[in-house]
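Asker: Now for the letters of each chain:
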Amino acid sequence: MSKSQDARGIALKLLAEPARAELEGDGGVLIDRVASLDGATSGAIAFLANPKYRHQLQSTRASAVIVEPRFAADTMLPKLVTSNPYAAYARIAALFHPLLPIAPGIHPTAVVAASARVAASATIGPCAVVGDRASIGERTRIHAGCAIGEDCTVGDDVVLYPRVVLYARTVIGARTLVHSGAVLGADGFGMAEEGGKWLKVPQFGRVVVGADVEIGANTTIDRGAIDDTVIEDDVKLDNQIQIGHNCRIGAHTAIAGCVGIAGSVRIGRGCQIGGAAMITGHLDIADGTVISAATGVFNSITERGVYTSTFPALPHREWQYVASIMRRLRSFADRIRALERERRGQGE
Amino acid sequence: MSKSQDARGIALKLLAEPARAELEGDGGVLIDRVASLDGATSGAIAFLANPKYRHQLQSTRASAVIVEPRFAADTMLPKLVTSNPYAAYARIAALFHPLLPIAPGIHPTAVVAASARVAASATIGPCAVVGDRASIGERTRIHAGCAIGEDCTVGDDVVLYPRVVLYARTVIGARTLVHSGAVLGADGFGMAEEGGKWLKVPQFGRVVVGADVEIGANTTIDRGAIDDTVIEDDVKLDNQIQIGHNCRIGAHTAIAGCVGIAGSVRIGRGCQIGGAAMITGHLDIADGTVISAATGVFNSITERGVYTSTFPALPHREWQYVASIMRRLRSFADRIRALERERRGQGE
Amino acid sequence: MSKSQDARGIALKLLAEPARAELEGDGGVLIDRVASLDGATSGAIAFLANPKYRHQLQSTRASAVIVEPRFAADTMLPKLVTSNPYAAYARIAALFHPLLPIAPGIHPTAVVAASARVAASATIGPCAVVGDRASIGERTRIHAGCAIGEDCTVGDDVVLYPRVVLYARTVIGARTLVHSGAVLGADGFGMAEEGGKWLKVPQFGRVVVGADVEIGANTTIDRGAIDDTVIEDDVKLDNQIQIGHNCRIGAHTAIAGCVGIAGSVRIGRGCQIGGAAMITGHLDIADGTVISAATGVFNSITERGVYTSTFPALPHREWQYVASIMRRLRSFADRIRALERERRGQGE
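As you go down the protein sequences, you meet chains W, X and Z in turn. Using this note's numbering, read the first sequence as starting at 1 and increasing by one per residue. Using this note's numbering, read the second sequence as starting at 1 and increasing by one per residue. Using this note's numbering, read the third sequence as starting at 1 and increasing by one per residue.
No lab work stands behind these hints, which were simulated from the structure alone. Quick caveat, the model's predicted, so the values are computed rather than measured. Careful: at least some of the hints might be erroneous.
Pairs count within a copy or across copies, as identical chains cannot be separated in the list.
Below are the SDA-like pairs computed for lysine to any residue, each with C-alpha atoms no more than 25 Å apart in a straight line [stated by the list, open to error]:
| no. | residue 1 | residue 2 |
| --- | --- | --- |
| 1 | K52 | D233 |
| 2 | K200 | S115 |
| 3 | K200 | R248 |
| 4 | K197 | A94 |
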C-alpha cells in the first residue's frame with residue numbers, strides 16, 4: 001500500500017486523472033469519500049455544479065472540492081478543476097462506490113432451463129427463473145426472483161435487480177441496468193371491437209433494448225404488436241414509466257418518472273421528457289426536444305425546443321375563479337367584438 | 001398433411017372461415033404469417049384497417065390482404081373481404097401465434113398448500129405460491145413467482161404471467177389474463193384521523209374480476225373496504241392503472257395505461273378511458289362514456305359523450321404567456337364590464 | 001364463553017370501550033360483524049360518518065349504529081355515540097378483522113443469509129430472500145417472494161406483503177406495512193451529461209422509513225444520492241406513488257395514488273396530497289398543505305392552504321372551444337387595451 005493510497009484514503013492527486021480534471025493545491029490530501037458541500041466533513045471531496053450553491057464553497061468542511069475554472073479562485077481548498085464538475089464527481093463517486101463483487105454461479109434455488117446458455121462468469125440469484133433457450137452474458141447479474149422468458153438474450157455486464165420480468169424473446173444490450181419490478185415485453189394494448197365485445201389482437205413483436213440503458217423500478221415496456229418496441233443505446237428511463245407497443249425511443253434520451261407514452265410513438269435522439277408528462281399514440285417527436293414535467297403532448301413535434309402545457313397550482317379559491325372564468329371566455333370574445341363594432345360605428 | 005396446409009403455410013381459402021371473411025382471388029396462395037402492409041413480404045397476409053394507409057395497398061409485398069368491401073377494388077392481390085378487417089386480422093394472427101402449449105403440473109419449486117385445489121390440467125410455475133383453500137381451474141397457467149393468497153378462486157383457462165400477486169379471497173373469472181407485476185386485492189387507502197394521527201380502517205372486501213378480462217403489467221386493483229371491488233366481464237385494462245377500493249368497472253369498458261381511479265367510482269358499460277386520465281372518488285360515469293387521454297374527471301358524467309380537459313403542449317414561451325395571462329382573466333372581465341358601462345353611458 | 005361474547009357475536013356494551021364511545025340503548029344486542037348502513041343486516045353494526053347518508057339511519061337493517069351526538073336522536077337503534085364515528089368504526093372493524101395469526105419461522109424455500117438476524121417470532125415466507133447482515137424484528141412478517149437486500153433493518157411488527165423489494169441498507173420502522181410490488185431503495189435518477197452521453201451518478205444514500213407507515217402496492221421510493229430519502233412516522237402512501245431521491249416526507253402526511261414527487265422535495269408534516277398530483281424537484285411544501293387531485297406543483301408552497309391547478313372535464317366540443325380560445329388571449333389583451341385607449345381619447 002503506497003503512501004498516496006492507504007486505509008485512510010486516496011491522495012487527491014490520484015483522483016485527477018480518473019476525474020478528467022486538473023489538480024490545484026495540495027495533491028497529497030487524503031480523500032476517503034464523496035459528499036455534498038453542505039454535508040461534507042474532513043476526508044470528503046465535494047463538488048459545485050449549480051452556481052446557486054457557490055456560497056457553500058466558503059463554509060464547506062470538505063478536504064477538497066471539484067469546481068469549474070470560473071469558481072476556482074473562490075476557495076483556498078485543494079481542488080480538481082474541470083468544465084464538468086458533476087461528471088468528475090460521478091467518476092470519483094464510482095471509485096468509492098463500485099458495484100460490489102458477487103460470486104458468479106447459479107444459486108441452487110434458481111430454475112434454469114437445460115437449453116438456456118448462462119456464461120460462467122454470470123450470477124443467477126435465488127429463486128430466479130431462466131427459460132428455454134435464453135442466453136445470459138458474461139459477468140451479468142440476474143438477482144433474486146427475476147423471471148427471464150424463453151429465447152431472451154441478455155448481454156454482457158447487465159444487471160437485473162430483484163424481481164425483473166422479461167417476457168419471451170426480449171433482448172437486453174450490454175451494460176444495461178434494469179431495476180426491480182420492471183416488466184419488459186408484456187402484451188401491448190391491442191384489441192379489435194366486434195359486436196360490442198373485444199377481440200384480443202395477438203402481440204408478437206419483441207422488446208429490444210440497446211446497450212448502456214437504465215430502466216427504473218416498476219417501469220413497463222410493452223412488446224410490439226407485429227414489429228418490435230425499441231429502446232436505443234444510452235436511453236435513461238426513471239421509475240414507473242409506461243411505454244406502449246411499437247414505440248422507438250432514440251439514443252441518449254432521458255425520461256423522468258411516471259411518464260406515459262402510448263403506442264407507436266417515435267421519440268428522437270437526445271430528448272428530455274419531464275416527470276408525469278404524457279404522449280398520445282402515433283406521434284413523432286423531433287431529436288433534442290425537451291418536454292416539461294406534467295405536459296400533455298397530443299400532436300407531433302417537428303422542431304426541437306421546449307414544450308409545455310401546465311398551469312402551476314394556485315390557492316384553491318383563486319384557482320376556482322380562473323377555472324370558472326374559462327367557460328366565460330366565449331362571452332369575452334363576443335363582448336369584445338360587440339364593443340369593437342360599436343366603436344367602428346361611432347367612428348363613421 | 002394436405003396440399004392446402006403444409007410446412008410452407010396455409011392456403012388462403014382456409015383462412016376465410018376463421019376470419020369470418022369472403023375470399024376473393026386465388027385461394028391457393030400459401031400464407032405463413034401476418035404482417036403490416038408496409039413490412040410484409042411474400043408469404044404474409046396484411047390488413048388495411050385505417051383508410052390513411054390505403055395507398056400502401058399499391059406497394060405492399062404481401063401475398064394477400066384483408067380489406068373492407070369499399071377498398072377491394074384497390075388491389076389485384078388475393079384477398080379476404082370483410083366489414084371488420086382488424087378483427088379478421090386478429091383471428092388470423094391468433095392462428096399463427098397461439099398461446100404455446102405448456103406441460104400441466106406443479107413445478108417442484110412451487111409451494112402449494114395442502115388444502116388448495118389445483119386442477120390436474122393446470123400449470124403452476126417455478127417458485128409460485130398457492131395459499132390455503134385457493135382453487136385453480138382447468139388449463140389455467142400460473143407462471144413463475146406468482147403469489148396466490150388464501151381462499152382465492154381462479155377460474156378455467158386463466159393466465160397469470162410471472163409475478164402476479166392475488167391477495168386473499170380474490171376471484172378471477174374464466175379466460176382472464178393478468179400480466180406481470182399486477183397486484184389485486186391490496187388494502188384500499190382507508191384511514192380515520194384521530195388526534196392528528198391516522199388509524200387504519202380494515203379493508204376486508206374482495207376483488208372480484210369477471211371472465212374475459214385482461215389486466216396489464218403493474219396495474220393495481222384494491223380490495224373493497226366492506227363490499228367488493230368489481231371488474232365486470234370483458235373489461236380491458238392496460239398497464240400501470242390504479243383502481244381504488246369499492247370501484248365497479250362495467251362490462252366491455254377499456255381503460256388505457258396510467259389511468260388513476262379513486263375509490264367508490266362506478267364506471268358504466270362500454271366506456272373508453274384514455275391514457276393517464278384520472279377520476280376522483282365517489283363518481284358515476286354513464287355507460288358508453290369516452291374520456292380523452294390525460295383528462296381529469298371531478299364530477300359524475302350522466303350523459304354519454306366525449307369528455308376532455310387537456311391543453312396540448314405549446315412552445316414554452318408561448319405557453320408561459322398563456323399561463324401568465326390566466327391570472328389576468330379577472331382583470332379582463334372587469335375591463336370589459338367597464339367598457340360596456342361606458343358605452344351604455346354614451347348611448348343615453 | 002360468557003353470555004355477552006359467544007359464537008353469535010359480542011354484546012354491544014363490550015364494544016363501547018374499545019371504540020372509545022358511549023353506549024346508548026340495549027347493550028346486550030349481539031354484534032357479529034361490521035357493515036355499511038346500506039348493506040347491513042341483523043347482527044351488523046354500521047356507522048354514519050358522512051351527513052349525506054343521514055337518511056340511511058332510518059332504513060338500515062343494522063342491529064346497532066355508531067353516530068355523532070348530533071345524530072343520536074335520529075334512530076331508535078342501540079348505538080355507540082362518539083365525536084369520531086369513523087375512528088370508532090375502524091377500531092371495531094379491527095376487532096372483527098384482525099391480522100390472521102401466522103406460524104413464525106423461516107419457510108424451507110426461503111433463502112436467508114447466515115449473517116442475517118431474524119427474530120424467532122418473525123415469519124419468512126416461501127421463496128423470500130434475506131441478504132447478508134439484514135435484521136428482521138420481532139413478530140415481523142416477510143411474505144412470499146420478498147427480497148430484502150444486504151444490511152437492511154426491518155423493525156418489529158412490520159408486514160411486507162408478497163413480492164416487496166428492499167434494496168441494500170433500507171431501514172423500516174416498527175409496525176409499518178408495505179404492500180406487494182413496492183420497491184424501496186432503487187437508484188435515484190441521477191446522471192451527468194458528458195459529450196452527449198450520460199454518465200451514471202452513483203446513488204449511495206439510503207431509504208429510511210419511520211414507524212407506523214403504510215406504503216401502497218407498486219409504490220417506488222428511491223434511495224438518496226448521497227444523503228438519505230426519509231419517510232417520517234405515520235406517513236400513509238397509497239399505490240403507484242413515485243418518490244424521488246433525497247425527498248423527505250413529514251410525519252402524518254397522507255398521499256393518494258399515482259402521485260409523482262421528483263427529487264429533493266421536502267414535504268411538511270400533516271399534508272394531504274390528492275391522487276395523481278405531481279411535484280417537481282427541489283421544492284419545499286409547508287406543514288399542513290393540502291394539494292388537490294391531479295394538481296401540478298412547480299413552486300414551493302410556504303403557506304398552508306389548499307392548492308389546485310386542474311380543469312374539470314367538459315364535453316369535448318365545448319372544451320375544444322376553450323382550448324382554442326386560450327391561444328387568442330393575447331389578442332383579447334391587445335383589443336381590450338385598444339378599446340380603452342380609444343375611450344380615453346374620446347374622453348379628452
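Asker: Given a CA cutoff of 25 Å, do K200 and R248 count as a within-copy pair, a between-copy pair, both, or neither?
Answerer: Both. Shortest intra-copy (23 Å) and inter-copy (22 Å) distances satisfy the 25 Å Cα cut-off.
Asker: First find the shortest C-alpha distance between K197 and A94 inside one copy, then the shortest across copies, and answer within, between, both or neither for a cut-off of 25 Å.
Answerer: between (54 Å within a copy, 17 Å between copies)
Asker: Tell me, please, which holds for K200 and S115 at an alpha-carbon limit of 25 Å: within, between, both or neither?
Answerer: For K200 and S115, the Cα distance exceeds 25 Å both inside one copy (31 Å) and across copies (35 Å).
Asker: When Cα atoms must be at most 25 Å apart, do K52 and D233 count as within-copy, between-copy, both, or neither?
Answerer: neither (33 Å within a copy, 32 Å between copies)
In this structure, the hints that do not hold are numbers 1 and 2, in rising order.
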